[in-house]
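Colleague: Note that the protein sequences, when read in sequence, are chains A and B. If you count by our numbering, then the first sequence holds residues 85 to 333, one letter each, in order. If you count by our numbering, then the second sequence holds residues 732 to 956, one letter each, in order.
Hints listed in this document are in silico derivations from the structure and should not be mistaken for laboratory results. From a predicted model like this one, the values you see are computed outputs, not experimental measurements. Treat the hints with care, since some could be wrong.
What the hints assert, rightly or not - When the alpha-carbon atoms are kept at most 30 Å apart in a straight line, the in silico DSBU-like pairs for lysine-lysine are as follows:
id : chain 1 : residue 1 : chain 2 : residue 2
1  : B       : K949      : A       : K193
2  : B       : K948      : A       : K179
3  : B       : K852      : A       : K194
4  : B       : K852      : A       : K158
5  : B       : K949      : A       : K179
6  : A       : K216      : A       : K202
7  : A       : K177      : A       : K136
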Amino acid sequence: MITVKNLKKRFGDNVVLDGINLEVKEGEVLAIIGPSGSGKSTLLRCLNLLEKPDEGELIIGDKQLDVHKMSSKKIYQLRQQTAMVFQHYNLFKNKTALENVTEALIIAKKIKKPEAEKIAMKILNQVGLEDKVHQYPVTLSGGQQQRVGIARALAVNPYAILFDEPTSALDPEWVSEVLQVIKKIAEQNSTMIIVTHEMQFAEEVADRVIFMADGNIVEENTPKEIFHNPQSPRTKQFLRRVGSGEEDV
Amino acid sequence: MDLNIDFGYLISLIPDLLPFIPLTLFLAIVTMVIAVVLGMGIALVLRSGLPVLTHLAFTYVSFFRAIPSLVQLFLIYYGLPQIFPALSGMTAIAAAILGLSLKQAAYLAEIFRAALGSVDKGQMEACLSVGMTRVQAFRRVILPQAIRNAIPATGNQFIGLIKETSLAFTLGVVELFAQGRILAASSLRFFETYLALALLYWAMIIIYTFIQQAIEKKIERPYQS
Ligand SMILES: Nc1ncnc2c1ncn2[C@@H]1O[C@H](COP(=O)(O)OP(=O)(O)OP(=O)(O)O)[C@@H](O)[C@H]1O
Ligand SMILES: [Mg+2]
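Please model the complete structure; the sequences and the hints are all you need to start from.
Modeller: Printed below as a string of structure tokens:
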């Protein structure tokens, strides 16, 4: 279980997360939607501690962190509970697809190279990249790069995988292959939090959807309810604007 | 007009000069190694944002980039022993290496700082997000990419340094240039002697440029589509 209690984050005077409370059960797929600047990325980045929260408590699996009692060791331990899939992939540019996946296994998890490569090959196979493993990121399409990014996150076997708009930097032609891969992972009972602008995808893949605005969770429900029977006017307005206008059916 | 250039003499000088190339290269390479280590340290401090240390590093760079190499060599070789008698045993070669490295490190620090700064921030974040430590990330992902960024400018610095080693002659080190001067003074064939020297420096730089190109080619491989 992931528990977020009263998570606050501000940049200067800009309050970006205004006391977020959130729970994600093991094996649950949570989608986060909301307008640009509502704090979705910041929420994920706080969970992964790429951003230091100002206030609150995080519990991910068996690791807990109180923001007022942070030490670099605790940050490191909590961070290892999650792995992030980035909007712009952020593949290690100096490493092949295979090395991108084995790197954390060998360096952080101290797994022997042959064993790490076996694990990596299996996962790259899962994401359909078995014939690209020795290529460098620049030679891969956006969709392929993102699938390596997903493989890299999967490989460290985290408690939860965090996706920050995994398809929004992709050319339209590569979107569906990446969404397919994410769906496949979701079906394997992984705990996932997905920030996305793909409403239809969110509806299909998520067990639960959160709508965020101005650093708050405005509405939280099953995909069916959120997309077809939204309660808050802000949710309605947002869905209308992104063209998922089924709420007035 | 009789140009009166004795090419035969020029060529005959080469064997007399060649034995001094190792010392010139020794000065350049040892200086470079020290400067790379020191420069990287300073670059890391400059990027750390640590209050006092950053200021010191900044002052270091500012000072050593500003003073002429010659002033610096004299300051170290003739000046320092006056203040610290223990240093009077310092050899001219050591003084030359020390002086040139301190200066070179200042330039390299700026180059390395920029090279580290232009590695995409997302690279470090990706490392952290899969459970690597900052040190691991630096060693495995950030540094290799920064090296790629730094190689061209660093190579230029090294070429400059090969030439600057000739300043060591002012401290009495008999390296390539000093030997050339000695030969010229005894033969009075200044043109041939200094032209021979010029050609030798040129040859060294050409060979080094080849080496750098080979290194660049290897380092560039992951980034070529
Ligand atoms: N490093 C930062 N420094 C200052 N302000 C920041 C920083 N990161 C985010 N912000 C601000 O925080 C707010 C929320 O940003 P965030 O990236 O979390 O939004 P988002 O919901 O992910 O938006 P989008 O849908 O555009 O990705 C924005 O106003 C943004 O300008
Ligand atoms: Mg975002």
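Colleague: Run the distance test for K948 of chain B versus K179 of chain A: straight-line Cα separation, threshold 30 Å.
Modeller: holds (16 Å)
Colleague: Are the Cα positions of K216 of chain A and K202 of chain A separated by 30 Å at most?
Modeller: holds (15 Å)
Colleague: Would the pair K949 of chain B and K193 of chain A pass a check requiring their Cα atoms to be no farther apart than 30 Å?
Modeller: Given pair K949 of chain B, K193 of chain A holds - Cα atoms ~29 Å apart, limit 30 Å.
Colleague: Does the alpha-carbon distance linking K852 of chain B and K194 of chain A stay inside the 30 Å limit?
Modeller: holds (25 Å)
Colleague: Take the C-alpha atoms of K852 of chain B and K158 of chain A, compute the straight-line distance between them, and say whether it is at most 30 Å.
Modeller: holds (23 Å)
Colleague: With the threshold set at 30 Å, check whether the alpha-carbon distance from K949 of chain B to K179 of chain A stays at or below it.
Modeller: Since the Cα atoms of K949 of chain B and K179 of chain A sit roughly 13 Å apart, the hinted pair holds (cutoff 30 Å).
Colleague: Compare the distance between the alpha carbons of K177 of chain A and K136 of chain A with 30 Å, and conclude whether the hinted pair is satisfied.
Modeller: holds (26 Å)
In the structure shown, no violation is registered for any of the earlier numbered hints.
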